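Novice: Sequence:
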Amino acid sequence: MKKTVGWVVKAIFIVLLVTWMVFFVIDYFRAKDGVKPVICLSEETQTLEGGTYYRCNSLGYKYYEYQESDQTTYGFGAMFYKSKIEKEIGV
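Following the numbering used here, the numbering of the sequence shown begins with -13 at its first residue and continues without gaps.
Possibly wrong hints are sitting among the right ones.
[As the list claims (entries may be wrong)] List time: in silico DSS-like cross-link candidates among lysine-lysine, alpha-carbon distance up to 25 Å:
no.	residue 1	residue 2
1	Lys70	Lys(-11)
2	Lys70	Lys22
3	Lys22	Lys73
Derived from the structure by calculation, the hints contain no laboratory data. Note that the structure is predicted; figures quoted are calculated from it, not measured.
Work the whole structure out from these sequences, hints included.
Specialist: As structure tokens, this is what we get:
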């Protein structure tokens, strides 16, 4: 009985981990093309003095884009990490 419960817990954990990795890889390649992630848990749009900042928080990572006049910067990274562009604009 104890072996069965341990095996089931391990199997569920592995399935969840693989599912998260699939979403992460898909969203990474979507971000490279400037497309929003598949799953967006929270969205935020701010109009700043220099342009517009958009952020989408997903499952432990975020997608962001900063549009300034005719130039758009896309990014993808860990939810807790502030990128160079985020530090520059102060978000």
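Novice: Against each hint, give a clear statement of whether it holds in the structure.
Specialist: Against the structure, the hints come out as follows:
| no. | hint | verdict |
| --- | --- | --- |
| 1 | Lys70 - Lys(-11) | violated, 48 Å |
| 2 | Lys70 - Lys22 | holds, 20 Å |
| 3 | Lys22 - Lys73 | holds, 21 Å |
Violated hint: 1 only; the structure is consistent with all others.
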